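Start from the sequences and build out the full structure, keeping to the hints where you can.
Its first residue numbered 2, the sequence shown is counted upward by one per residue in this note's numbering.
Simulated from the structure, these hints should not be mistaken for laboratory data. In this text the structure is predicted, and so the values were computed from the model without any measurement. Ideal Cβ placement from N, Cα and C applies to all residues, glycine included. Do not rely on the hints blindly, as some may be mistaken.
[Said to hold, decoys possible] Ranges between beta-carbon positions, derived for each pair:
1. LYS215 x ALA131: 38 to 46 Å
2. ALA105 x GLU30: 17 to 25 Å
3. ARG161 x LYS33: 29 to 37 Å
4. GLU106 x LYS149: 25 to 33 Å
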Amino acid sequence: MINQKHKNKLPFDEQNYQLIEYDDYYYSEKNKKIRIKDLGKKFASINSFFYEYLKEYNIPCAYVKKTGTKSLLFIKYSPLSFRVKILNSADRRISKVFNVKQGAELTLPVIEYHYGNEKESVISESHLIAFNLCNYDDLKFINRLCSKINAVVRSFFERRDEITAELTCGFGKYEGKVYLTDDFSPMSLKIFKINEDGKLPDPYKLETAGQMNKYTDHLYNFTNG
2 MINQKHKNKL PFDEQNYQLI EYDDYYYSEK NKKIRIKDLG KKFASINSFF YEYLKEYNIP
62 CAYVKKTGTK SLLFIKYSPL SFRVKILNSA DRRISKVFNV KQGAELTLPV IEYHYGNEKE
122 SVISESHLIA FNLCNYDDLK FINRLCSKIN AVVRSFFERR DEITAELTCG FGKYEGKVYL
182 TDDFSPMSLK IFKINEDGKL PDPYKLETAG QMNKYTDHLY NFTNG
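What follows is the structure, given as structure tokens:
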């Protein structure tokens, strides 16, 4: 899990904006705190780059601008309490349920909704509506938005000989409108180099500081060149 600090007390218009600051540490799947030099700076740069890139394609983003080496300015949205995972390749769960090879490219992207932090967090559209996590019109909009985000991000990486296996998005609302709110961290963006095995850590197994640092640098290099 990537550690972020939301700062609502600002020297300007704190009713409409908030700062998000990225720390130099993250929590592993075993909930171990792992510190890495300049991690927050790299996370901020990666996120800033992709928000700016998506805004060029008219994707509504809560991101406003980068305000420091580790901080980004966002509109003061109300977060929706679920995440949307877009899969272009079979992950472990899909592989097991549908008896396909893990990592195999899917014919069409699969959109999953996840709620909470438990291992089995997949829920359905009906859950979202029934438990008032999202209304029907917003859900339709989010689904369309996810398809467009996925197409734009996949195309970006394909031109650089990379496969986008998975992307997890978070959304929020501000003044009745839905915005993309996160995230382009190593935890949510899983890419692989085409025809190159073993050179990069498996993005699904970022268990050590070295693995996280190497994969983060790989993403950071796309945004810093």
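Each hint, compared with the structure:
For the pair LYS215 and ALA131, the supplied restraint of 38 to 46 Å holds, since their beta-carbon distance comes to about 43 Å. Separation of ALA105 from GLU30 is about 24 Å and conforms to the stated range, judged on CB atoms against 17 to 25 Å. Distance hint check: the CB atoms of ARG161 and LYS33 are about 32 Å apart, consistent with the given range 29 to 37 Å. Taking 25 to 33 Å as the suggested C-beta distance range, the pair GLU106 and LYS149 does not conform, at roughly 20 Å.
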